[in-house]
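Novice: Here is what each chain is made of, one letter per residue.
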Amino acid sequence: MWRDTLLVAGKDLRIEARSRVALSQVAPFGIVALVMFAFALGPDRSLMAKGAPGLFWVAVLFCTVLAVQRSVAVESVDGARDGLRLSGLDPAGLFLGKSAAVAAQLVVLELVLGVGVVLLYGARIEVPWLIAASCVLGTVGLAATGTLYGALSAGLRVKETLLPFLLLPIVAPVLLAGTRMWQAASAGGIPSDGNQWLRLLVVFDAVYVALGIVIYGPIQESA
Amino acid sequence: MTTNTEVVPIGQSTAAPRSPFPSPRARRVERTVGITAAVGTALTVWLGLWITPPDTTKGNTVPGDLVRLVYIHPGVAWVALYLAFGLAAASSVLYLWPRTRSLFWDRLAAAAVEVGVVFNVCTLISGSIWGRPTWGVWWAWDARLTSTAVLLVLFLGYLALRRVPAEPEVRAKRCAFVALFASVDIPIVHFSVLWWNTLHQGATVLNPNLSPTIHGSMAWTLLLGFVALTLVFAWMLLVRYRIGVMEDWLGSGEMDVALTERRAEGVGDPGAPDRAAGGRAPRPVAPSPSPAPPDARTDGPAPTAAGGPTDGGVGAVPEAAR
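Residue numbers (this note's numbering), protein chains in the order written: chain A, 1 to 223; chain B, 1001 to 1322.
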């Protein structure tokens, strides 16, 4: 399973390295979103700094939708999906590999967006490890749910419109937890509720990664 | 075994049922539940609006009659949040489980979600009507309200996915997965919005004490409301399930029926062979002599826009349109 995971993740990342879709389209889109949020909130910098954690995570969610759509689109041409199914790779490994590739791209996007939020909105970071932890855990959850829903919508003709509708409410806890943890981190010190949100993210990740490992095979068959 | 499925169509599990029409016994059950639900609801309305006393607590700023919402709102919420979506989640899991896989569970889940969405919307509306005079706002970001709204959105997604055309088995599987993911998410959403809210505001806008002196008739009306709304749910579920069976039957047989009709046209209509032999170029979709409703509809706007039936006078069509 782990070997298959590495194979699939390596394949997706190699495609990304050659096509540069995430880097040249999704990341700039994230920046555009940040600028648009700034326009929506007006030039008041204190308001922006206050909303920065939430806006960061909303931008991450939008980018997740795009990254997942890209991850599905990669398989949709030339019968690649059937090829993967025929290849004899473990479905669990397939799921973990696709998720890992999405997660790796999301981490890069989060770095870009994080820098953007600090520069553009003046967001404060007092406890960096708390933010880093929330990003890592949140990314795992986003990638796992995104891959699951991506596989589910793979065969649909309306996937572009349906995927965000299905995915975004599901990942609402990640948005809440990530935002709260960043707020806790910018308040300084280690607030007691930071741990609570960390635990919530761990549960979220564990549930969806486990679900994906078990269910990815049947999902592929149904798509 | 077979007689059982023959008698009770609810238990049918074949992909394309032979006849979508329920047996007399099933119709009787459905009608009984419906009538009981109607009577129960009428009784609840009567008791709730006329018999039970209004809330006359001293120092109460909200209208005393507002308390009557308590006979509806918790019952609707119970049906929407627990009964309907619990049933949907359970049937989806039963569908996914290979031993119990049957389209019966899929249709049951779909019916439960659809009815549940209606009740969910009613929960939010009745809660809003309560919230406006009591809290002064139509919507508060209370944990319970927020998770109810997220639940609604999740299951609207389920219904949207259901509308995507697909083979019944494929659609059933897909929808069952979505229902499963959503129901796994609900507890997490619930806890996250709970913490989100309580950590944010301290004490939340909690429901004020609804009735300090709960009158005997009030307790009974409340209970009756729960029972009546549960029966309404059951009745809607039965009807929706029956419609689901018919839809599947229609979907599976539609093409065959259409083909048979087309062939019958060619054989029965003496004009058809001539037309096929002579003017072969544009084959009419529907034979012109029969003023079918589609014809009337396509030509409908012309006479109405022209104002008179003589303007659009192309034979029998305006008559069919009128």
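Derived from the structure by calculation, the hints contain no laboratory data.
Accuracy of the hints is not assured; some may be wrong.
[Said to hold, decoys possible] Which bits of chain B does chain A cover? Going by a derived footprint, with three or more residues having C-beta under 8 Å, they are: (1) 1034-1047; (2) 1146-1154; (3) 1158-1165; (4) 1256-1262.
The C-beta atom is built at its ideal place from N, Cα and C for all residues, glycine as well.
Novice: Now, for every hint given, state plainly whether the structure supports it.
Specialist: For each hint, the structure was consulted:
1. Counting residues of the region 1034-1047 of chain B whose CB lies closer than 8 Å to any CB of chain A gives 0, so the stated coverage by that chain is violated, three being the minimum.
2. Note: the region 1146-1154 of chain B has 3 residues with beta-carbon separation from chain A under 8 Å; the three-residue rule is met and the coverage holds.
3. Counting residues of the region 1158-1165 of chain B whose C-beta sits closer than 8 Å to any C-beta of chain A gives 3, which meets the bar of three, so the coverage hint holds.
4. Only residues whose beta carbon comes within less than 8 Å of a beta carbon in chain A count, and the region 1256-1262 of chain B has 0; fewer than three means the coverage is violated.
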